[in-house]
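Enquirer: Start from the sequences and build out the full structure, keeping to the hints where you can.
Residue strings, one per chain:
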Amino acid sequence: MTRIGLRLALAYRSNIVFMMVTLVAQVFLLRMIWTAVYGARTEAAGITLPQLLAYLTLANLQVFAMNTQVSRIISHRIRTGTVFFDLARPVGFMRQMTAFQAGNTLGGLLLLLPVVPVVLLVGSITAPAHLPGYVVTLVLGYAITVELALLISLIGFWTLETVWVAVLFRLVSQFFAGTMVPLAFFPGFLGALADVLPFKYMGYVPAGVYIGHITELVPTVLGELAWAAGLALLLQLIWSRAHRRVVIQGG
Amino acid sequence: MIRVEGLSKVFRRPRTFSGPFGTVRTLFTRQYEEKLAVDDVSFEIDEGEIVGYLGPNGAGKSTTIKMLTGILTPTGGSIEVNGLVPWRERTANARNVGVVFGQRSQLWWDLPLIESLRLVGALYDVRHFDKALSKVREILGLDGFLDTPVRQLSLGQRMRGDLAAAVLYEPPLLYLDEPTVGLDVLAKEAVREFIVETNRSGRTTVMLTTHDLADVEALCKRIILIDHGKVLFDGAIDALVNQPRRLVVELESGTRTYDIHDDLPGMVATIAAEHTIRDLSIVEPDLESVIKGIYAR
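Chains A and B are the protein sequences, given in the same order.
Letter 54 of the first sequence, counting from 1, is numbered 54 in UniProt numbering, and no numbers are missing.
Letter 136 of the second sequence, counting from 1, is numbered 136 in UniProt numbering, and no numbers are missing.
If you are wondering where the hints come from, they were derived from the structure by calculation, not from laboratory data.
Fair warning: there could be bad hints in the mix.
Label-pair distances were calculated between CB atoms; the ranges are [unchecked claim]:
| # | chain 1 | residue 1 | chain 2 | residue 2 | range |
| --- | --- | --- | --- | --- | --- |
| 1 | A | 72 | B | 122 | 17 to 25 Å |
| 2 | A | 230 | B | 36 | 38 to 46 Å |
| 3 | A | 158 | B | 245 | 25 to 33 Å |
Cβ atoms here follow ideal geometry from the backbone N, Cα and C, with glycine treated the same way.
Expert: The structure is reproduced here in structure tokens:
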């Protein structure tokens, strides 16, 4: 299944390449805007301009690399009824879909790799403040992203139509991941909301660790672990309900 | 191989509303409608048999097959497939069973056929994949299009690909649901030959659902007929078709039909002596009209 995900990512490469143009453009625009906003200032909310630009470049790269296809695939398979075959396999559905997404991400990374220097050039990068911390928060952030995507796609077992959910999810998650504005700049209520939502782990948290804005690593990683574990549990619970619905209702 | 006893399945679906806000009401309703899709079905299928499981659209065939694969749990009754209870031992049962749905494909649309077969190989732990592949490649003639994306295959090639995916791990049991639907005469013939070959060489048990009675006549000795979820007939095709030929005579007073026993010329002479015959024809018993007769009962 991993291989299928990888091959599919490569099969749709023109699609991904097109999206990369958007990524480069977005990073470029963000750089222009934020440089203008900072003007003569050297820092805001404890973040210097070079740090901020590195943050924006990384956060956008991350969210792009973590973009998941699994919800789209699952919703398509439910609507066309081909999910029947997945359910008839001797391997569990969730395991198959997780493997698929892992392969798909890997394929996306292979395509993204040559573009990374361009993005870094158009944006800006600094040396990492804490590389191991970055890698750990990033990997856990990826796990959380995949769990959220799987959770969203399970809605399809009840409503069949999940396109609107996916669009809403994408919009909300990108905003609260802090790809345009770092969460440190979110005012009062919005900041509190962004802090309790898990989307920050897709962008803000790893990129913040990278630039040295987030320094309390242990509570950050523990919080991330708790989210990953909690979502895994929730996923199990909802999946068993969805599966029961299938076996009793016929999907 | 398969033992089904008193099997039934009730679907409980939210009541659908029509009119303004119908969809919203459907979403929040607490009213349900129940539909009995399979109603007290019993049958046994022995190892190595090819059985036609026939019935009109919506008769409950696919629901039965889904219960046999373990995807649906029965509402009542019992099932045993190769010694396992499918819905309870779903994973073990999955390895015993190959499924083809003519109307749907298990192949990945945008990838070369070989990728879907590799996936099946990985999911079912096929140890000697290349050996298994070369075997199905040969009998199904996949050579020309293994590396072609599935969406570019003709329907006949796609169906062969689906059959390959279903038998790659050599399951002792095959459920084929309309495997010849939409195929041309030659492609149908190829699918039938493949079924016969698989059944003979591997003693594979086949349960075949189809609307093409030529498939049934070419492949099955026995059929099970169901409608409205109930078994209407279970037995040898020979017994069904083994009925007298009929003589249809058009007389001045109207059309009459007689069963032909032995002395056809004598029969005709007797009728001719009493009436003026305008036309006459002989009707051979055939499966289609026999089955129509059973459904009409």
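Enquirer: A separate judgement is required for each hint: does it hold in the structure or not?
Expert: How the hints compare with the structure:
no. : hint                        : result
1   : A/72 <-> B/122: 17 to 25 Å  : holds, 22 Å
2   : A/230 <-> B/36: 38 to 46 Å  : holds, 41 Å
3   : A/158 <-> B/245: 25 to 33 Å : violated, 57 Å
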